[in-house]
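From first to last, the protein sequence lines are chains A and B.
Residue numbers for the first sequence, in this note's numbering: 7 to 401.
Residue numbers for the second sequence, in this note's numbering: 7 to 401.
No lab work stands behind these hints: they were computed from the structure.
Quick caveat: nothing in here was measured; it's all calculated off a predicted structure.
For glycine and all other residues, C-beta sits at the position ideal for the given N, C-alpha and C.
Careful: at least some of the hints might be erroneous.
[Unchecked claim] Below, a sample of chain B positions facing chain A; criterion: calculated Cβ distance under 7 angstroms:
{"id": "1", "residue": "79"}
{"id": "2", "residue": "214"}
{"id": "3", "residue": "222"}
{"id": "4", "residue": "224"}
{"id": "5", "residue": "227"}
{"id": "6", "residue": "228"}
{"id": "7", "residue": "231"}
{"id": "8", "residue": "232"}
{"id": "9", "residue": "318"}
What follows is the residue order along each chain.
Protein chains: 2
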Amino acid sequence: MESWPPGGSGPAEAGRRLRGLRGADLAASASLLSGAGAEAGCSAPAVAAVLPAGGSGERMGVPTPKQFCPILERPLISYTLQALERVSWIKDIVVAVTGENMEAMKCIIQRYQHKGISLVESGVTRHRSIFNGLKALAEDQPNCRLSKPEVVIIHDAVRPFVEEDVLLKVVTAAKEHGCSDYDLEFGTECLHLALKYCHIKAKLIEGSPDLWKVTYKRDLYAAESIIKERISQQICVVMDTKEDEEHVGHRLEEMLKNELNHVKVTSGRDLQQIILEQCYNFVCVNVMTSDFEETQKLLNMLEESNLSILYPVVVISVQFLDYESVPFGQKMENLMQIREFAKQVKKRNILLYGLLVYYPQDEQKLQESLRQGATIIAALIKERNSGLIGQLLVA
Amino acid sequence: MESWPPGGSGPAEAGRRLRGLRGADLAASASLLSGAGAEAGCSAPAVAAVLPAGGSGERMGVPTPKQFCPILERPLISYTLQALERVSWIKDIVVAVTGENMEAMKCIIQRYQHKGISLVESGVTRHRSIFNGLKALAEDQPNCRLSKPEVVIIHDAVRPFVEEDVLLKVVTAAKEHGCSDYDLEFGTECLHLALKYCHIKAKLIEGSPDLWKVTYKRDLYAAESIIKERISQQICVVMDTKEDEEHVGHRLEEMLKNELNHVKVTSGRDLQQIILEQCYNFVCVNVMTSDFEETQKLLNMLEESNLSILYPVVVISVQFLDYESVPFGQKMENLMQIREFAKQVKKRNILLYGLLVYYPQDEQKLQESLRQGATIIAALIKERNSGLIGQLLVA
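Excised from the complex, chain A in its bound form (with noise of 0.2 angstroms):
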């Protein structure tokens, strides 16, 4: 038997969490489909999720529905996707969308290559579209490929953020909680529905500030900015040469290490293990040569593995400038065929840079150049512009 819950947070220590809850974010709301599993103690309950996104998106100002705006070019409802498909234990999601919205969403899930996703057809209301979910997880539908689960969570498809410890938090509620009719008067439509129709009870679960909802134009600058943010937590340097540690191929990586103290700098000795770990930023170093061999063994490897699906993923590729080893005539002509590698491989999400920095002979000028360089690629890999791509920068 499945030990339940994941995680190890006790369901005594859930429970004492639940209470108190004023004012609190009705973050997800899950309903019992049937008793059954309520009495099986530890075990692990079947777990689907439907998410409403049938919505007009009125208040955010914008023509497109609020579910479906782009964040970094994805529909923001591929994000929330994103975030219940890492749960493991929740094994079927079911998406109410309009008539009109159907092959988008259909574009969307290929496109993201979203997987254990059904899609029924949303309702006039809110209430409809979770009750034509709720349908298609029920046994009793003809060619019904979805299980019935024990616990359902009805999650906002506007919510992106939404994390794995509070979707636990609802369903051991969900098993464990008789509920209270108090909890009620803080809840939103959707636990009057569950009470209403359902004959079941429900619970308010407080969420976290991060389990917010994208409702305004400004809720999707935050969340762009938020998920900006969190994609460029760690930078992979490589370099293409290993063998003299004192290069300036290291300085620079130094120089990084210390002036974005915030950010983690990992050396890409092990490329393929730093993909799987989902780095999403990458400055490749070449100092023996002016061409792009090294950067684009890094391109083919990226475009390999998938990485830029879900979310753009910056290379920076620097030359040191000596003026001296090769002409610089000669050398900005190759240097500048980045802006055809860097239109080639928009294609597949990776935003490709190109950096000069200047390499005087000066130990001071020197410092300064490779201060200038770290602060290049902090703004490049921040703002992740893709009408930049394909310039050249000079530190």
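Given chain A, put chain B in place with the hints provided.
Relative to the frame of chain A, chain B by itself:
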């Protein structure tokens, strides 16, 4: 006698809008220090504002109190002061800050040239801070430079986007309504204060969505994006020649108009006027020369105007690269001077970037260059990234 209210929104209409306010934000509350103004009918009441700003910002998750958190390098409270200063009929503004932050607040007022601001020490609670602010406005204080107002607006220091019309509603309601106890239950502790200790009545006014309170870190992100968007609505294009209407600078201007259809693109014929109208984005097109004479003139005008005190001003110096007129190497050397210029003007909050637009003979390729140039200009203006100043971008 001055006509009241300004802007022509009559009391009847304002009154109608004030009803039915369930769940509305308490944007600002108003209290009548004396009843004398209330009977004066349509005369302009003497209005002051008190900003309690003694909070510690625990929920923000950052060490700086939220009212001092920087947005585009300027503290949040300065934006709120700016919003209140714009309202001509608010005569005095009193800010309550902790003794610890008194000096910092004085620096903010000086640096951003805020006028008519008085400082008082905040109390241990928000209520005491408001009380201290009101005391400063009362007549019986010794050495008080402030005039005793009829209406005092209490406004959160962390609501930077307050508009004149909402403040007008607040003041109109304070003058007009006896107000009802009914509204009390939807208010905050501030209303309790007014009712219990001042023996006056209070009224809740509905705010706009933009009036939201900066509470969490995500709200800082949202505020920054909103401000960036607001100051990116107009681009002024300055040319170094006016004779030939067919020249490539005008074609770039046309391209900007086509590509950035949500932005107002203005020709810089009357620069002084455009600066007065608070345009924060300039594209300086150099066709005749490869130096920065025209850009330098513009930078001088901007520095004299003080336009950049409140917001970073973007200047993009555009050169056309036709490979023929001047040898490439020499031209590049000239152009690299932009890095030094950029460092200098950054001290005055001007963000200078260079843009080199390739100028091929082939018409289709030229179109493509110009389009690429417009994309880069849009990206630079949108992001306002100080890490990339002095860069020479290539379209």
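TODO: Kindly indicate which numbered hints from before are broken by the structure, ordering the numbers from low to high.
DONE: Hint check: 1, 2, 9 fail, others pass.
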